[in-house]
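Please work from the sequences and hints to get the whole structure.
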Amino acid sequence: MALETSPAAPAPVRQIANAIAGWVDRLGAVWVEGQVTQVTRRTGMATVFMTLRDAVADISVTVTCARSLYDSLDAPLVEGASIVVHAKPSYYPTRGTISLQAREIRMVGLGELLARLERRRQLLAAEGLFERSLKRPLPFLPTRVGLVTAPGSAAERDVLENARRRWPAVRFEVAYAAMQGTRSCAEVMEAIARLDRHPEVDVIVVARGGGSVEDLLPFSDEALVRAVAATRTPVVSAIGHEPDQPLLDLVADVRASTPTDAAKLVVPDVTDELRGVAAARDRLRAAVAGRVDREQAGLDALRSRPALADPRSLVHARVEEVAGLRARARRSLGHRLDRAADDIGHQRARARALSPLATLQRGYAVLQDTDGHVLTSVAGVAAGATVSVRVADGRVHATTTGVDADPLETDGGHDG
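Heads up, the final residue of the sequence shown is numbered 416 in our numbering, and it's a clean run with no missing numbers.
Quick caveat, the hints were computed from the structure, so don't treat them as lab data.
Every clue listed holds true.
Taking lysine to aspartate or glutamate pairs in the DMTMM-like style, the calculated list, with each CA pair at most 20 Å apart, reads:
hint	residue 1	residue 2
1	264	202
2	88	104
3	88	54
4	88	33
5	135	202
6	135	196
This is how it looks when you write it as structure tokens:
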């Protein structure tokens, strides 16, 4: 039941510690799975001290067991071994720590270990961590290749030498990590994270030589699998040899059967590429030459035609035609000009016949008063009046001395 405390009535440390001890004691014995990270056997002591680490979280707990129990194990308990412990939790109020008092220790055998790995694989697969749609393609020619491996290892030598043999200009960023043992998982995760943050690293290779299932166990660690799934950079798994397949192979973007195979996957072969460039260049030359030949053949065919072979032949063939058309045009134009000249002469003659000047040239004259009015009757003219006489070639100015009316015109006027 919960303790009743308040600022006015706080509980002392001993009471809290004893309460925690009571709660832990009531938990009873439990089965616990973990990885042994430290074993301490002191001469003359009947108790063996161990540290048990969680497989995923960074959590550890102290385990104590009787020396007799430790010595009765079929195989020696070494650091990095996975075990299942039946233990009772105990809380020590004086130190404020929790410890597990082991009553039974079981080594995780190979068959059971494989069964546990299979269950882990199924759980991670159910989450979709191994989906093919999540696999990222490797770059054709990475700016820099990240390599996670053990320092001075054969795997490091295989990857570096084979990659440089294939592409001498390749650059590597190597992050060393323990590739087996209790520190392996944490160091490999840290190395991958560091390379994933590197701005020039375009692909990460995790390489290790072959080994037993127990040796490769860190590469099936759930925390490492999730860390690889979360990377932004493509990852190549080159763990062990062809038969080995830790869970890292399933979550990686590409699986290499060996470190040497990984080197072949991350960089192209410069010899093959030069051969391909040469072949492409030859094909391009052949294509261009073929195109030029076809176009030249087309030009030759056009040029062989009579019209293009001697363009002047077209002109010569039309010279007589042009001459005939020009003669016809000249004749037609001459005829039209002659008819037009005749028409102009007729019109001019008619105009002259109707012109007052022609009448004057026949001896007639036009009499006008001082205001320029034409006088057509003697009635408008008095003796002594100044008049102007218009003749064919000029004017005659005169003064009337008298006016006589024409009797015939007068009679005719009276008869009318």
